[in-house]
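J.: Sequence:
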Amino acid sequence: MKAERDAPRSGPELAGFSELSQHELAPAKVHAVVFDLGNVLIIWDPQPAIAKTVGAEQAKLFLSDEKFDFMAWNYEQDAGRSWDDAEAAAVKEHPHWEPAIRAYRENYSDSLVSRIEDTVQILRELHSAGIPLYALTNWSKELFPVALGRFDFLDLFEDIIVSGEEGVAKPDPQIFEILQKRIGHDLADCVFIDDSLANIVAARKAGLDAILFTGTGHLREDLSVRGLPLPPG
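Count the sequence shown with numbering that gives the first Met the number 0 and you get residues 0 to 232, in order.
Don't take every hint at face value.
Said to hold, decoys possible - In silico DSS-like links for lysine-lysine, alpha-carbon gap of 27 angstroms or less:
#1 Lys-51 to Lys-140
#2 Lys-59 to Lys-140
#3 Lys-91 to Lys-51
#4 Lys-140 to Lys-66
#5 Lys-28 to Lys-59
#6 Lys-91 to Lys-140
If you are wondering where the hints come from, they were derived from the structure by calculation, not from laboratory data.
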């Protein structure tokens, strides 16, 4: 699973993603809403998991080590690499970080900090209104069951496409092809929510109406203006 570092939170480069014209957002029938999970519905932070074994200061140093590059390493597991292989390779190349490397998986549950209540509420309202719901998430196949055991709202999705199970992760275009096959419907009639600008760009190229998630404050309005049945927050 990831925390998207490449997603800017504001600025002119987001024009066309969060500030679309009223014509572009004219209400139309939405076949399905597709949610990213990490940092859209679930707060994910690897530091607490690592710090549980090595302490906060060492965890901070480990995560900021550009030579190791935790995010790039973790992405490979999201794309299907096994954790045994990942840890073996990392420990061989960076033996001084072995305790921190192994701490993440050992204490993984601590990285799932909490649900994002406002977004979960929107999810529940859409479900109650009969809107088909899907999830498309970059997540390790081996670690995703931890989330399934913790967050009951994941049962609201008709299907969850987990990158680690598919062997390909966002923003690779192939994962959106998989999404289309699993939904069984034209992606142009679906809304996609993600906190990564790179994933939003890829989703739009795949034909999705994509919303860059920068916080819960805008999401209700962004969905309502697309004709989805959500009361004002």
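J.: For the pair supplied as a hint, Lys-91 and Lys-51, confirm whether the alpha-carbon distance does not exceed 27 angstroms.
T.: Holds. Lys-91 to Lys-51 sits at ~23 angstroms (cutoff 27 angstroms).
J.: Assess, step by step, whether the Cα of Lys-51 is no farther than 27 angstroms from the Cα of Lys-140, and give holds or violated.
T.: Distance ~23 angstroms between Lys-51 and Lys-140 Cα, so the pair holds.
J.: Just to be careful, I want the Cα atoms of Lys-140 and Lys-66 compared with a cutoff of 27 angstroms; is the pair within it?
T.: Given pair Lys-140, Lys-66 holds - Cα atoms ~26 angstroms apart, limit 27 angstroms.
J.: Please work out if Lys-59 and Lys-140 have their alpha carbons no farther apart than 27 angstroms.
T.: Holds - the C-alpha atoms of Lys-140 and Lys-59 are around 26 angstroms apart, at most 27 angstroms.
J.: Decide if the proposed pair is consistent with the structure: Lys-91 and Lys-140, CA atoms, cutoff 27 angstroms inclusive.
T.: At roughly 23 angstroms apart (the allowed maximum being 27 angstroms), Lys-140 and Lys-91 satisfy the hint.
J.: Holds or violated: are the alpha carbons of Lys-28 and Lys-59 at most 27 angstroms from each other?
T.: Violated, at about 46 angstroms.
When held up to the earlier numbered hints, the structure conflicts with hint 5 and nothing else.
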